[in-house]
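Quick mapping for you: the protein sequence lines, in order, are chains P and R. Just so we're aligned, residue 1 is where the first sequence starts under full-length UniProt numbering, counting upward by one. Just so we're aligned, residue 1 is where the second sequence starts under full-length UniProt numbering, counting upward by one.
Calculated from the structure, these hints are not laboratory results. Cβ coordinates follow ideal geometry from the N, Cα and C atoms, glycine included. Be aware that one or more of the hints could be misleading.
Said to hold, decoys possible - DSSO-like cross-link-like pairs, simulated, lysine-lysine; straight-line CA separation at most 27 Å:
#	chain 1	residue 1	chain 2	residue 2
1	P	Lys179	R	Lys595
2	R	Lys595	P	Lys399
3	R	Lys24	R	Lys162
4	R	Lys24	P	Lys399
5	R	Lys499	R	Lys55
6	R	Lys580	R	Lys162
7	P	Lys470	R	Lys162
8	P	Lys470	P	Lys399
9	R	Lys580	R	Lys595
Stated by the list, open to error - Stretch by stretch, here's where chain P covers chain R in the computed footprint (C-beta under 8 Å, at least three residues):
#	segment
10	144-155
11	159-167
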Amino acid sequence: MSFPLLTATAALPAVGAIATAAVPAARKRVAKWVALLFSVATLALAVAVLVRFDPDGERYQLTESHSWIRDFGVRYELGVDGIAAVLIALTALLLPFIIGAAWHDADDLEPTRPNRRWRPTQGFFAMMLAVEAMVVMSFAATDVFLFYVFFEAMLIPMYFLIGGFGDRAHAAGEEEAGKQRSYAAVKFLLYNLAGGLIMLAAVIGLFVVTSDQLGEGTYSLQQIVQARADGDFQLGTNTERLLFLGFFFAFAVKAPLWPLHTWLPNAMGESTAPVAVLITAVVDKVGTFAMLRFCLGLFPEASAWATPVVIVLALVSILYGALLAVGQRDMKRLIAYASISHFGFIVLGIFAMTSQGQSGATLYMVFHGVSTAALMLVAGFLISRRGSRLIADYGGVQKVAPVLAGTFLVGGLATLSLPGLAPFISEFLVLVGTFSRYPVAGIVATAGIILAALYVLLMYQRTMTGPVEKSVVREMPDLRPRELAVVAPLIALLIFFGVFPQSLTGIVNPAVEHTMSDVQKKDPKPDHPVADKGWFDYKPVDGHAGGDHK
Amino acid sequence: MESLIGLLVGFPLLGAAVLLCGGKRVDRTGHWLGVLLAGASFVVGAVLFLDMLGKNADERALHQHLFSWVPVESFQADVAFQLDQLSMTFVLLITGVGTLIHIYSVGYMEHDERRRRFFGYLNLFLAAMLLLVLADNYLLLYVGWEGVGLASYLLIGFWQHKPSAAVAAKKAFIVNRVGDAGLAIAIFLMFTTFGSFAFAPVLSNATEAGEGKLTAIGLMLLLAACGKSAQVPLQSWLGDAMEGPTPVSALIHAATMVTAGVYLITRSGAIFNAAPDAQTVVVVVGAVTLLYGAIVGCAKDDIKKALAGSTMSQIGYMVLAAGLGPIGYAFAIMHLVTHGFFKAGLFLGAGSVMHGMNDEVDMRRYGGLRKYMPVTFVTFGLGYLAIIGFPGLSGFFSKDQIIEAAFAKGGTQGWILGAVTLLGAAITAYYMTRVMLLTFFGEERWRQKTPSADAPSAEPAAEVHGEHGGPHPHESPRSMTIPMIVLAFGSVFAGGLFKVGDSFVHWLEPVTQFEHGHPPVSAAVVTGATVVTMLVGVGAAWLQYGRRPVPVVAPRGSLLTRAARRDLLQDDINHAVLVKPGEYLTRGLVYVDSKVVDGLVNGTAASFGGLSGRTRRLQNGFVRSYAVSMFGGAAVLVAATLLMRAV
Numbered sequence: 001m002s003f004p005l006l007t008a009t010a011a012l013p014a015v016g017a018i019a020t021a022a023v024p025a026a027r028k029r030v031a032k033w034v035a036l037l038f039s040v041a042t043l044a045l046a047v048a049v050l051v052r053f054d055p056d057g058e059r060y061q062l063t064e065s066h067s068w069i070r071d072f073g074v075r076y077e078l079g080v081d082g083i084a085a086v087l088i089a090l091t092a093l094l095l096p097f098i099i100g101a102a103w104h105d106a107d108d109l110e111p112t113r114p115n116r117r118w119r120p121t122q123g124f125f126a127m128m129l130a131v132e133a134m135v136v137m138s139f140a141a142t143d144v145f146l147f148y149v150f151f152e153a154m155l156i157p158m159y160f161l162i163g164g165f166g167d168r169a170h171a172a173g174e175e176e177a178g179k180q181r182s183y184a185a186v187k188f189l190l191y192n193l194a195g196g197l198i199m200l201a202a203v204i205g206l207f208v209v210t211s212d213q214l215g216e217g218t219y220s221l222q223q224i225v226q227a228r229a230d231g232d233f234q235l236g237t238n239t240e241r242l243l244f245l246g247f248f249f250a251f252a253v254k255a256p257l258w259p260l261h262t263w264l265p266n267a268m269g270e271s272t273a274p275v276a277v278l279i280t281a282v283v284d285k286v287g288t289f290a291m292l293r294f295c296l297g298l299f300p301e302a303s304a305w306a307t308p309v310v311i312v313l314a315l316v317s318i319l320y321g322a323l324l325a326v327g328q329r330d331m332k333r334l335i336a337y338a339s340i341s342h343f344g345f346i347v348l349g350i351f352a353m354t355s356q357g358q359s360g361a362t363l364y365m366v367f368h369g370v371s372t373a374a375l376m377l378v379a380g381f382l383i384s385r386r387g388s389r390l391i392a393d394y395g396g397v398q399k400v401a402p403v404l405a406g407t408f409l410v411g412g413l414a415t416l417s418l419p420g421l422a423p424f425i426s427e428f429l430v431l432v433g434t435f436s437r438y439p440v441a442g443i444v445a446t447a448g449i450i451l452a453a454l455y456v457l458l459m460y461q462r463t464m465t466g467p468v469e470k471s472v473v474r475e476m477p478d479l480r481p482r483e484l485a486v487v488a489p490l491i492a493l494l495i496f497f498g499v500f501p502q503s504l505t506g507i508v509n510p511a512v513e514h515t516m517s518d519v520q521k522k523d524p525k526p527d528h529p530v531a532d533k534g535w536f537d538y539k540p541v542d543g544h545a546g547g548d549h550k
Numbered sequence: 001m002e003s004l005i006g007l008l009v010g011f012p013l014l015g016a017a018v019l020l021c022g023g024k025r026v027d028r029t030g031h032w033l034g035v036l037l038a039g040a041s042f043v044v045g046a047v048l049f050l051d052m053l054g055k056n057a058d059e060r061a062l063h064q065h066l067f068s069w070v071p072v073e074s075f076q077a078d079v080a081f082q083l084d085q086l087s088m089t090f091v092l093l094i095t096g097v098g099t100l101i102h103i104y105s106v107g108y109m110e111h112d113e114r115r116r117r118f119f120g121y122l123n124l125f126l127a128a129m130l131l132l133v134l135a136d137n138y139l140l141l142y143v144g145w146e147g148v149g150l151a152s153y154l155l156i157g158f159w160q161h162k163p164s165a166a167v168a169a170k171k172a173f174i175v176n177r178v179g180d181a182g183l184a185i186a187i188f189l190m191f192t193t194f195g196s197f198a199f200a201p202v203l204s205n206a207t208e209a210g211e212g213k214l215t216a217i218g219l220m221l222l223l224a225a226c227g228k229s230a231q232v233p234l235q236s237w238l239g240d241a242m243e244g245p246t247p248v249s250a251l252i253h254a255a256t257m258v259t260a261g262v263y264l265i266t267r268s269g270a271i272f273n274a275a276p277d278a279q280t281v282v283v284v285v286g287a288v289t290l291l292y293g294a295i296v297g298c299a300k301d302d303i304k305k306a307l308a309g310s311t312m313s314q315i316g317y318m319v320l321a322a323g324l325g326p327i328g329y330a331f332a333i334m335h336l337v338t339h340g341f342f343k344a345g346l347f348l349g350a351g352s353v354m355h356g357m358n359d360e361v362d363m364r365r366y367g368g369l370r371k372y373m374p375v376t377f378v379t380f381g382l383g384y385l386a387i388i389g390f391p392g393l394s395g396f397f398s399k400d401q402i403i404e405a406a407f408a409k410g411g412t413q414g415w416i417l418g419a420v421t422l423l424g425a426a427i428t429a430y431y432m433t434r435v436m437l438l439t440f441f442g443e444e445r446w447r448q449k450t451p452s453a454d455a456p457s458a459e460p461a462a463e464v465h466g467e468h469g470g471p472h473p474h475e476s477p478r479s480m481t482i483p484m485i486v487l488a489f490g491s492v493f494a495g496g497l498f499k500v501g502d503s504f505v506h507w508l509e510p511v512t513q514f515e516h517g518h519p520p521v522s523a524a525v526v527t528g529a530t531v532v533t534m535l536v537g538v539g540a541a542w543l544q545y546g547r548r549p550v551p552v553v554a555p556r557g558s559l560l561t562r563a564a565r566r567d568l569l570q571d572d573i574n575h576a577v578l579v580k581p582g583e584y585l586t587r588g589l590v591y592v593d594s595k596v597v598d599g600l601v602n603g604t605a606a607s608f609g610g611l612s613g614r615t616r617r618l619q620n621g622f623v624r625s626y627a628v629s630m631f632g633g634a635a636v637l638v639a640a641t642l643l644m645r646a647v
């Protein structure tokens, strides 16, 4: 048996979490370094996953399969396709930066006197690693039940990260901040628990129908998809639709899709910036990923049935999220609403059911993760300097801290999908993929790019330009080396993938092809296809019909 | 030779990267590095041009494929360049005029502590514009297209500490984004129609698609062009863009940015040729903008804003010509090039005047400056004669050709368009003569001590200069005057050179095609009419501003004058139609989101799960019991299902 690379990638951060938590109370610096070290080691394993993955090979690779709960047909089955592989890489990539950015976030929770039992720093970083472990497991699991367990379990550390370690910058003081924080944490938990509960019913339902039809209940994605392809497994229309809805609801809460989005601005606003990045860039991606892997893979007909509604919800998310972002006064909530708009794009791309849409959606998950991390972490650095999240409390920062302003601008430009930066590629693919099947939806979604420019540049204008506000201390320090070390690589990645997205499309495209065949959809053909003859073979039909050159 | 094409973009891009990331280390030499790399790009362009001249007209196009950029199934985008006669023309204009503006900026921005960054942005601007004209497909063009938008955003808002500059920069970007959305949709349409968006396959097969599709693509391309080229209805950003340093205005108005729309329409000629309805709209947009800009230009007292109105109007001429099809493309580009010379010269001249006048921009506070800045006066004067179409100078040839082509459109349309272009020529002569008289002739009004008008100077560089008291007009340093002199040569001779043996038309013909237009009256009559209307405009301006003393504070003026001073109410209209309702919408949605959506979802959840959605109770430690009850519910569900199976 070969080395269980996926298990290792998920287990390493889990071990790291335990190791971090075990560091003695007085050694908080050690705890931070242990956490960082483990996250970097996990990144190395994730890179190994990418390297070992053969885009032209089997659909699921690096597979592991063991029996787990035999009575319920639950197996410990792991495997990645191109989509899961790049998302695992994204997760592992972001964690070191999140930890680096959060370096001092738990410091002021430290008790004044050493206390054996209260170790906030250790807890904070341990829980981040725990979340990473569970997210990696969710991406790698090809057993529905196994996925469900980790999908739900990650709520617990997330709940504590939001509620226990939140942003202490609040206009109405520390006490109000505490209240808002626990409200946000509870809201996060309840929304996601409610989604999870409905999903659980569907998960059990899936077991019931598989045991009915296959003789033996199973949660194995590969087995079910295979049986469906062979005609051994057919769901009644209504059963399939109900099960689809059960799964989709949970994913739509997590993604989040309008109108189930209202927990996100609270959660991202009240938690510290690095935790907000963990939520939107990492944890939420499990929701959109699961739509692609489970909703489309298990219930293709119901997915097609639900498509019109989902497309409309996605469009509403795009425009609604963007308009709400324009209206925000708190910069973290603004970024949260921007994320809602971006999740709309991802869902749109998935349900457009075209190669461009789904490849675009997958890349969107990756690039949105990187760009939001860049923007949000710089916003966090800014907030930590002034102790306020309100946009109105800033102004003229550019004059005082030009590097901070510059990185903030690049993060913002990535958020508005400027060509040359990575998110442009994914957004354009989603739009063109949507347009080729649903032209009207494609045009409506395109309006989102205008609104994106509005909310990003408004925020930049109000915080960074103009005369230096009194509240912005003239001596506000520019980015420190640690902060620059966090942001600069993210910006470099945004540029790299903006120019060479090929490095990812090669991995993602074959997986998307499989998904497309799951749902039995083909890309719409152009009306007047032109054979791409290459530039040199091109000759105008006659002297006047051509008209571009020669 | 092909492998050199990438260097055209590469040099200025390298400059931008070094200057923007280099930090303080490159502060001292940075501006010269910027000049050097812009110049290097020009040299490469010149080498390629000479090489091109040595080949047959049909074999001049070069192609360089760098790498596959975004490959997803049938969606194939490459990073590949195409250099043909049309691109070549732009390359020389962009790098040539661009380099001159770089040199000028060395002196102009001497006292600005952020000069290095300024040159980084200038280099970025050139790189983006060159990418735009060299791309061999619409998606790569789109990168340059938005790159130009970014560079203009950075440069218009260069003096960020001024709120007005920051607002103007944001406005330019957002208005342009509306146009960009048009370009995006045009690319979607091309992809669904042809399965490709590269120039060669799309344009050579354009006629195969239905006219409806082509009209849609054409209109979307026009929307994009309206954004970049400041055509009605997306013109509102151009006047405010004067918040940037003056060399930026020269760059935006002459060599880059506003010319992009004309390029896009001309490049996509094959699509427009097969979509007459789209062409009609192009022509109308051009004609309306031509008059709009001219009227605005007449009313502005700010020298840069008067020139900005003029740019809008001149680009209107080009768009109109491009809308005429093969009888107009070559003339649109020819006017674009000559305009590039004289408008760059005029803006640099305006900057030179401001430089010597404590950054005063109000022409009513100028007067009689010809004695104090002779070089500026002569070069600006030649640019003036060129733009009004004085016989023999550049603008005369290119504008006259457009007017002829407009008449040649034929029928009533032809007469209307011809009349509009003639009227535009008269108004151009009027407002440019006004600028000339107010600035260089008449009383020396800057000696009068009057309380400063409400409009503050657009150039905060005055603070940096630290000069106080009355202005002491003086000629600008050599680094600023030499570019002006070079541009003046272009303003005088370029048009004539292009006209000799119709060399410019023949040069472009393989790319844009050319048909001789036949105006309903003889060409000589049209030319005569052009000269006469021009003289009428000059005369009218002289009667109003040359013979009579000019008040330092503007008179109230007629209703039209007042409207024109407010840019024909463009901002008021946008504000009332878009901004205000938009604000109400977002404010309303913020309320709806926190009260209605949140409440509904919480309420639904509460009624389903027997949970309370009320905030107050949520915070009271009931969480654990909710969680427990949820997991309890789940357990019940599991049990029930298992039981069902057992039965």
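Could you check the structure against the hints above and give me the numbers of any it violates, in ascending order? Hint check: 2 fails alone, others pass.
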